[in-house]
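Take these sequences, add in the hints, and give me the full structure.
Protein chains: 2
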Amino acid sequence: MREVAVIGVGSSIFGKFPTKLVTEMGKEAVQAAIEDANINKKKIQLAYASTVFGGAVMGQRILNEVGISGIEVFNVENACAGGATAFRGVWYAIASGLYDIGLVVGVESLTTSPIAGKLIPPEKGDLQGQFGNNMPAHFSFAMRRHMEKYGTTMEQFAKISVKNHHNGCLNPYSQYKDELTVEEILNSRMICDPITLLQCCPNSDGAAAAILCPMDMAKEYVSKPISVMASVLKMGDYEYRWNDLATSDLSAKCAKEAYEMAGCEPEDIDVCELHDAFTYSEIAHYEELGFCPLGEGGRLIDEGITEIGGKVAVNPSGGLLAKGHPVSATGVAQIAEIVWHLRGEAGERQQPDAKVGLAHTMGGEVANIECGACAIHILKR
Amino acid sequence: MREVAVIGVGSSIFGKFPTKLVTEMGKEAVQAAIEDANINKKKIQLAYASTVFGGAVMGQRILNEVGISGIEVFNVENACAGGATAFRGVWYAIASGLYDIGLVVGVESLTTSPIAGKLIPPEKGDLQGQFGNNMPAHFSFAMRRHMEKYGTTMEQFAKISVKNHHNGCLNPYSQYKDELTVEEILNSRMICDPITLLQCCPNSDGAAAAILCPMDMAKEYVSKPISVMASVLKMGDYEYRWNDLATSDLSAKCAKEAYEMAGCEPEDIDVCELHDAFTYSEIAHYEELGFCPLGEGGRLIDEGITEIGGKVAVNPSGGLLAKGHPVSATGVAQIAEIVWHLRGEAGERQQPDAKVGLAHTMGGEVANIECGACAIHILKR
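First to last, the sequence lines map onto chains A and B. If you're matching positions, the first sequence starts at 0 in numbering that gives the first Met the number 0 and goes up one per residue. If you're matching positions, the second sequence starts at 0 in numbering that gives the first Met the number 0 and goes up one per residue.
Some hints could be false.
If chains are identical, the list can't say which one is meant, so a pair holds when it fits in one copy or spans any two.
Derived lysine-lysine pairs resembling DSBU-like cross-links, with alpha carbons at most 30 Å apart [to be verified]:
id: 1; residue 1: Lys40; residue 2: Lys252
id: 2; residue 1: Lys223; residue 2: Lys15
id: 3; residue 1: Lys41; residue 2: Lys252
id: 4; residue 1: Lys15; residue 2: Lys123
id: 5; residue 1: Lys117; residue 2: Lys176
id: 6; residue 1: Lys117; residue 2: Lys19
id: 7; residue 1: Lys41; residue 2: Lys148
id: 8; residue 1: Lys354; residue 2: Lys252
id: 9; residue 1: Lys41; residue 2: Lys117
id: 10; residue 1: Lys310; residue 2: Lys148
id: 11; residue 1: Lys252; residue 2: Lys176
id: 12; residue 1: Lys255; residue 2: Lys40
id: 13; residue 1: Lys252; residue 2: Lys15
id: 14; residue 1: Lys123; residue 2: Lys40
id: 15; residue 1: Lys233; residue 2: Lys252
id: 16; residue 1: Lys15; residue 2: Lys354
id: 17; residue 1: Lys42; residue 2: Lys252
id: 18; residue 1: Lys41; residue 2: Lys233
id: 19; residue 1: Lys252; residue 2: Lys310
Hints listed in this document are in silico derivations from the structure and should not be mistaken for laboratory results.
Structure below.
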């Protein structure tokens with residue numbers, strides 16, 4: 000397998016843009032990535048595009064706007080992990096030698112989707128979902144369990160949102176740029192006890208893109224190629240949630256595999272974008288990704304370890320909570336954020352001297368199983 | 000690259016089943032393929048699932064029903080070529096050595112989809128589509144051009160539907176089992192002049208699945224593994240439709256590449272499943288796939304060359320026209336049909352002594368470009 004480099008990334012500004020087409024946002028991100036990679040668009044041989052609600056052959060429609068045709072295109076969906084799945088597809092095609100230059104793009108317009116202003120509805124046949132075990136309900140159980148089992152406090156959960164909203168203020172691509180207090184977060188509208196509005200990620204519109212090539216070709220295009228050290232994608236296992244609701248063994252398993260593949264340890268990660276769909280999620284993922292022992296996620300946020308400038312900056316972009324969560328764009332946007340940090344180009348939100356970064360997404364709760372997909376990528380400057 | 004074998008295939012019966020869940024149909028096809036492959040389901044390491052309208056993480060939801068978890072899953076969409084795209088994904092993962100055992104499943108329930116009883120609507124931003132250049136309109140132009148340029152007749156187009164409906168009568172998986180006459184076809188309701196109802200593929204529900212492994216492992220499971228000799232997937236080029244509407248250079252280009260990869264010629268193909276979305280399509284694809292020179296597709300149907308027992312049996316399953324077209328299931332169902340013929344297990348519709356087969360799908364017209372995706376696979380016994 001060849002070492003693969005990310006040579007270009009791009010993103011649209013995340014937010015609510017009900018008059019913007021998915022193809023417009025996708026074009027914006029792809030053109031930014033092409034410019035960043037300093038590459039002639041005609042060199043792109045393969046594209047993976049990801050969307051849930053963007054419509055059929057979305058990748059081809061975006062490429063058509065950009066002026067690329069005749070190449071192999073996969074459109075993939077893996078709920079919230081779709082962008083990361085697309086990234087893995089291109090990574091593998093290049094690592095294995097099928098192609099040399101590949102494009103990833105993730106796009107979503109939730110404000111124009113059938114779920115605009117609503118919760119994601121359960122799929123037909125998902126009885127748990129139809130009886131009300133929707134996303135916030137599911138995570139409210141897990142959050143309660145974490146509090147009961149490990150003594151994690153509401154204030155600790157709220158501090159996740161405080162940190163990520165603070166980071167969002169420093170990020171020009173972020174949907175929200177408001178400093179929030181613990182009190183504001185805990186007193187915001189109750190969504191599903193104990194989850195309040197400002198502990199949930201918002202509905203968002205946006206797109207992100209990346210361009211990959213073999214590391215030994217990367218210097219032809221850019222001076223700071225970023226190496227992809229690990230790529231792991233798995234669906235969840237059955238029995239887990241029955242044993243312990245407090246954390247997920249899927250992320251832990253994927254992380255273990257990713258660290259082995261990258262030849263590094265959790266201690267080596269300087270910057271991390273992880274799937275903070277709810278405040279609870281970030282605390283649980285600290286533990287699952289090995290940044291602390293099980294049950295100690297609350298301590299990490301208390302001690303400032305995951306702030307920008309701390310041991311491992313987590314969600315310096317603002318995360319899903321503040322930067323926004325245009326479903327299938329998120330996984331690619333996380334990679335873009337990590338790349339900017341590893342290049343030292345993250346501006347006011349730069350994690351100092353970041354050498355190794357990790358991107359983590361989860362997607363698609365399914366009745367009786369823990370998760371549809373978890374994807375982890377580790378990148379190195 | 001390793002030689003890859005199809006060791007198991009399965010399908011649900013195609014038709015209109017508004018009370019059946021996509022997960023039920025998917026489970027039926029996957030279980031049939033697992034049984035056909037004589038394999039323990041726990042050996043499956045990778046799955047590619049395809050759907051347009053089946054909802055998020057459909058692959059995981061089907062696997063959950065079947066009792067498979069913890070593996071890597073891609074959900075892919077490429078309009079009508081989605082099933083073939085998924086097949087290519089699994090083929091490549093095995094050919095390149097990433098995994099040994101992979102599952103492909105394609106599912107669609109059009110009768111419960113948002114387009115039930117309607118035409119596929121244009122995507123937002125597709126001005127041509129919004130002004131009425133929808134699928135039947137698009138193909139009606141091409142059909143007229145083929146008649147004008149090459150002298151192809153309405154009777155020749157109608158004979159495609161006669162042949163494919165006859166074949167459907169012999170196929171237990173087919174949606175329609177009615178013998179039709181040229182007169183019935185030409186006198187059926189006008190959809191978009193000159194395309195009448197019985198020259199259009201129907202709305203369908205159904206699922207199909209396949210299991211692949213390296214050829215050198217295949218004999219552990221089955222006595223008649225079928226080799227995948229070529230896999231090609233491409234999106235269309237820009238300018239083509241401006242030059243000549245009568246046929247598509249995309250299918251021709253993909254076919255050329257596929258024949259080179261397989262080391263064979265059009266003359267070697269004994270059985271072919273191709274994308275007869277409309278009667279015109281089959282005639283044009285005869286030419287594009289090299290079964291005859293440009294403009295001579297009408298002669299092939301007149302001379303019975305593409306009937307079962309002819310030089311190359313085309314759409315012995317009944318094709319999209321009679322067997323039905325559950326969008327993302329089609330590409331996988333075509334592979335299943337080819338596999339049955341190459342094994343000599345196609346019952347009453349068996350192409351005698353079939354040694355080499357070709358499956359061809361096209362998906363997703365996009366404004367200004369010719370086609371979103373064309374996929375071709377060549378298989379050999």
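Hint-by-hint comparison with the structure:
1. Lys40 to Lys252: between (37 Å within a copy, 21 Å between copies)
2. Lys223 to Lys15: For lysine 223 and lysine 15, neither the intra-copy (33 Å) nor the inter-copy (55 Å) Cα distance is at most 30 Å.
3. Lys41 to Lys252: The answer is between: 18 Å across copies meets 30 Å, while 39 Å in one copy does not.
4. Lys15 to Lys123: both (28 Å within a copy, 17 Å between copies)
5. Lys117 to Lys176: within (23 Å within a copy, 44 Å between copies)
6. Lys117 to Lys19: both (19 Å within a copy, 26 Å between copies)
7. Lys41 to Lys148: neither (55 Å within a copy, 34 Å between copies)
8. Lys354 to Lys252: within (23 Å within a copy, 45 Å between copies)
9. Lys41 to Lys117: neither (40 Å within a copy, 38 Å between copies)
10. Lys310 to Lys148: Within one copy, since 26 Å is at most 30 Å while 71 Å is not.
11. Lys252 to Lys176: Neither: 34 Å inside a chain and 50 Å across chains, both beyond 30 Å.
12. Lys255 to Lys40: between (36 Å within a copy, 25 Å between copies)
13. Lys252 to Lys15: neither (35 Å within a copy, 42 Å between copies)
14. Lys123 to Lys40: between (41 Å within a copy, 25 Å between copies)
15. Lys233 to Lys252: within (9 Å within a copy, 35 Å between copies)
16. Lys15 to Lys354: Classified as neither; 33 Å inside a copy, 56 Å across copies.
17. Lys42 to Lys252: Answer is between; shortest inter-copy Cα gap is 19 Å, intra-copy 37 Å.
18. Lys41 to Lys233: between (33 Å within a copy, 15 Å between copies)
19. Lys252 to Lys310: Cα proximity of lysine 252 and lysine 310: one copy only (23 Å, versus 54 Å across).
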